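Go ahead and model the full structure; you've got the sequences and the hints to work with.
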Amino acid sequence: GEDVEQSLFLSVREGDSSVINCTYTDSSSTYLYWYKQEPGAGLQLLTYIFSNMDMKQDQRLTVLLNKKDKHLSLRIADTQTGDSAIYFCAEKEDYKLSFGAGTTVTVRA
Amino acid sequence: NAGVTQTPKFQVLKTGQSMTLQCAQDMNHNSMYWYRQDPGMGLRLIYYSASEGTTDKGEVPNGYNVSRLNKREFSLRLESAAPSQTSVYFCASRTGGANYGYTFGSGTRLTVV
Numbered sequence: 004g005e006d007v008e009q010s011l012f013l014s015v016r017e018g019d020s021s022v023i024n025c026t027y028t029d030s031s032s033t034y035l036y037w038y039k040q041e042p043g044a045g046l047q048l049l050t051y052i053f054s055n056m057d058m059k060q061d062q063r064l065t066v067l068l069n070k071k072d073k074h075l076s077l078r079i080a081d082t083q084t085g086d087s088a089i090y091f092c093a094e095k096e097d098y099k100l101s102f103g104a105g106t107t108v109t110v111r112a
Numbered sequence: 050n051a052g053v054t055q056t057p058k059f060q061v062l063k064t065g066q067s068m069t070l071q072c073a074q075d076m077n078h079n080s081m082y083w084y085r086q087d088p089g090m091g092l093r094l095i096y097y098s099a100s101e102g103t104t105d106k107g108e109v110p111n112g113y114n115v116s117r118l119n120k121r122e123f124s125l126r127l128e129s130a131a132p133s134q135t136s137v138y139f140c141a142s143r144t145g146g147a148n149y150g151y152t153f154g155s156g157t158r159l160t161v162v
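Line by line, the protein sequences give chains A and B. Just so we're aligned, residue 4 is where the first sequence starts under the working numbering, counting upward by one. Just so we're aligned, residue 50 is where the second sequence starts under the working numbering, counting upward by one.
No lab work stands behind these hints: they were computed from the structure. Predicted, not measured: the structure shown is a model, and the values here were computed from it.
Derived EDC-like pairs: lysine to aspartate or glutamate, alpha-carbon spacing no greater than 20 Å straight-line: (1) B/Lys106 with A/Asp97; (2) B/Lys58 with B/Asp87; (3) A/Lys95 with B/Asp105; (4) B/Lys106 with A/Asp6; (5) A/Lys71 with A/Asp6; (6) B/Lys106 with A/Glu96; (7) A/Lys70 with A/Glu96; (8) A/Lys59 with A/Asp86; (9) A/Lys95 with B/Glu108.
The following block contains the structure:
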């Protein structure tokens, strides 16, 4: 995932908003994704955004895309303990997805 | 239940031993993928199969081989395991929607001693 970069750790208080940031390099990417991985499990698709959109909202999740800066963010409103997980940003390249290293989100009481 | 099934879930190998990781999906997906996950490095693509009958190398193919046995099954083989191959291995298949999302298996945790 060297083409997709994200910070490795985020600690947030329960009830606050979490913001996870990601930068990507392929300006031709048509779709960008956020995946969630809970301990001992595989990755689950959380949400995605098409490259012609600036924002997408899905319940507590808001995705913002800045194509000029190649920057993608995921905001989780009212963060809960069940949101503790690793979050991966990914971009589509040809037949495959390229993933970032993942951001470990820890929710504290 | 529909999805991607990987076996085994855990495996310990001695250096030099061989083994095959199995993956099967029942969603009639064309494309299948093998990734490895290492701490701080995210997921790196080992091999993929865009459709039945084709396979291609990803970022880190050395030390691995794959077989796309049929549309459902895509196996990953380690011919002579090395400690550097200690990792968690994930198989995925591509969903049919235009959003191109993957469905992942639950992973195989492999330790090479």
